[in-house]
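Peer 1: Per this note's numbering, the very first residue in the sequence shown carries number 52; after that it's consecutive.
Hints were generated in silico from the structure; no laboratory data involved.
Fair warning: this is a prediction, and the values are worked out from it, not measured in the lab.
Glycine is no exception: its CB is placed at the ideal position from the N, C-alpha and C atoms.
Only pairs whose alpha carbons sit at most 25 angstroms apart, straight line, appear in this in silico PhoX-like list of lysine-lysine:
1. Lys344 - Lys110
2. Lys473 - Lys442
3. Lys344 - Lys399
4. Lys447 - Lys473
5. Lys440 - Lys473
6. Lys473 - Lys237
Between beta-carbon pairs, the in silico distance windows are:
7. Gln167 - Ala413: 40 to 46 angstroms
8. Asn343 - Leu111: 21 to 27 angstroms
9. Pro359 - Leu137: 14 to 20 angstroms
10. Asn88 - Pro504: 21 to 27 angstroms
11. Ala413 - Ile169: 40 to 46 angstroms
12. Asn343 - Asn164: 24 to 30 angstroms
13. Thr73 - Gln93: 23 to 29 angstroms
14. Glu306 - Thr445: 28 to 34 angstroms
15. Thr307 - Asn441: 23 to 29 angstroms
16. Glu306 - Asn389: 54 to 60 angstroms
17. Asn88 - Glu318: 23 to 29 angstroms
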Amino acid sequence: MKLISLLLILIPLSGTVQAQDTTKISLPDFINLGLQNSGQVQYREHELSIAENQVEQAKLSRILPSVRLSSQHGVIPGVQSSNPELSDGSLYLDPNLKNDWENWAIFTRAEINAIQPIYTWGGIRNTINAAQYAKTSAEEQFNAVRAEASLQLLELYYSRLLAEELRTILNDARSTTERVGEELEKLMEEGNPDLDEADLFKYELFLADFNIQTAELEQSESAVSRLWNHILQPAPLQAYRPADPYLQESISDIETFETYRQTAMRERPELRSITAGMEAARLITEASRSQNKPAILLGITASYANTPNRPRQTNPFIINSTNYANAGVGIVLRQNLNFNSVQNQIEKNEIRYRKVQDLERALTDGLMLELTDAYNQAQVARITLDQTKNKLQTAKNWVRHEQLNWDLGFGNVDNLIEAVQKEFELRVELAQNIFDYNLKLAKLHKAAGMSLP
Numbered sequence: 052m053k054l055i056s057l058l059l060i061l062i063p064l065s066g067t068v069q070a071q072d073t074t075k076i077s078l079p080d081f082i083n084l085g086l087q088n089s090g091q092v093q094y095r096e097h098e099l100s101i102a103e104n105q106v107e108q109a110k111l112s113r114i115l116p117s118v119r120l121s122s123q124h125g126v127i128p129g130v131q132s133s134n135p136e137l138s139d140g141s142l143y144l145d146p147n148l149k150n151d152w153e154n155w156a157i158f159t160r161a162e163i164n165a166i167q168p169i170y171t172w173g174g175i176r177n178t179i180n181a182a183q184y185a186k187t188s189a190e191e192q193f194n195a196v197r198a199e200a201s202l203q204l205l206e207l208y209y210s211r212l213l214a215e216e217l218r219t220i221l222n223d224a225r226s227t228t229e230r231v232g233e234e235l236e237k238l239m240e241e242g243n244p245d246l247d248e249a250d251l252f253k254y255e256l257f258l259a260d261f262n263i264q265t266a267e268l269e270q271s272e273s274a275v276s277r278l279w280n281h282i283l284q285p286a287p288l289q290a291y292r293p294a295d296p297y298l299q300e301s302i303s304d305i306e307t308f309e310t311y312r313q314t315a316m317r318e319r320p321e322l323r324s325i326t327a328g329m330e331a332a333r334l335i336t337e338a339s340r341s342q343n344k345p346a347i348l349l350g351i352t353a354s355y356a357n358t359p360n361r362p363r364q365t366n367p368f369i370i371n372s373t374n375y376a377n378a379g380v381g382i383v384l385r386q387n388l389n390f391n392s393v394q395n396q397i398e399k400n401e402i403r404y405r406k407v408q409d410l411e412r413a414l415t416d417g418l419m420l421e422l423t424d425a426y427n428q429a430q431v432a433r434i435t436l437d438q439t440k441n442k443l444q445t446a447k448n449w450v451r452h453e454q455l456n457w458d459l460g461f462g463n464v465d466n467l468i469e470a471v472q473k474e475f476e477l478r479v480e481l482a483q484n485i486f487d488y489n490l491k492l493a494k495l496h497k498a499a500g501m502s503l504p
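Let the sequences and hints guide you as you build the complete structure.
Peer 2: Here it is in structure tokens:
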């Protein structure tokens, strides 16, 4: 039976859960729960959160992007003047002013500086837009990961249905095989001359093949069950099983290749991610070019100091550094004079932009190859499935014919065993072909950027 080799490699198998409470789960719910428990999806979700944070960070550069506050604190002595006629606000006139080492007080000073951009030649605007496109690119990358993980989960869900379908077929085949064996034993006891020893050998070989396929199915069922338990993470006394009663082919029809091609060029998350990434690279290049031009800024500064034992001086040209208040607002021109460094950064961003352009063309070519291959495989799977249905119907007619001849007394044991074996093989083949068709149709939808069927 065909299983998910990629998941078998990447996902460690957990132990068998002894379940008492069985919950039926539909395919959409199975995919949603599997995505919630997927480490890869959660990892990409964190990257998306980082991109969203970068957008907010870029937006913060519009309003007071630079605000610095510094403060100093300590204990200093007061001052003592030798001229009693001087007021506290004119102590700077006393040439013999001394420190009063017996008068101590707490010194506090704080200074704040802020810059508000006024005009940056589109630098801030382009940076914000670039961050938003980068976020869009991250969202599409996240969607691509979800689509791939959803396809793997769909395959695992159908694998469980296929295993149950094959179990039903094997049970039916075992019942038929036992009846054939009973008839052969009856013929041997009666000494029927029409019974050839070669017929017994063929029956024993058929029985051995049947036992081998039964053992293979049991191992496949066990592997799929362990994968289900690992992905769904059920409670200790809980188990999940498919809500669908049996494996059935998808009702979605295969559209024309042109329909899928146009949808893929418009909806594939990888292409949408590249398109957004290319626009982000272009805007980053434009933002770097603005660094060659002088930016107009609004500068804001304010400082304040206070010490109780050191009076503030009244002369505006004399500032007591321990007790004063000051504020100022002015226009600032900021020009980066390192033109070579800026030019190298511009060239680097231009190379990145051309790199993303080349990546878009390469990705488009790869997606077209993927879409073409998926479309061809889906078409072949559809034809194979239809032909297998016809072959199975023929095999059933053959079995009925041989059974009727056997009941009438002139049947051939060799033909009956061969007919039963062929019907059994075709029933297994039909179940596998339904699985293949559903999976390949889902891969076609994923290659076209469409929702899974």
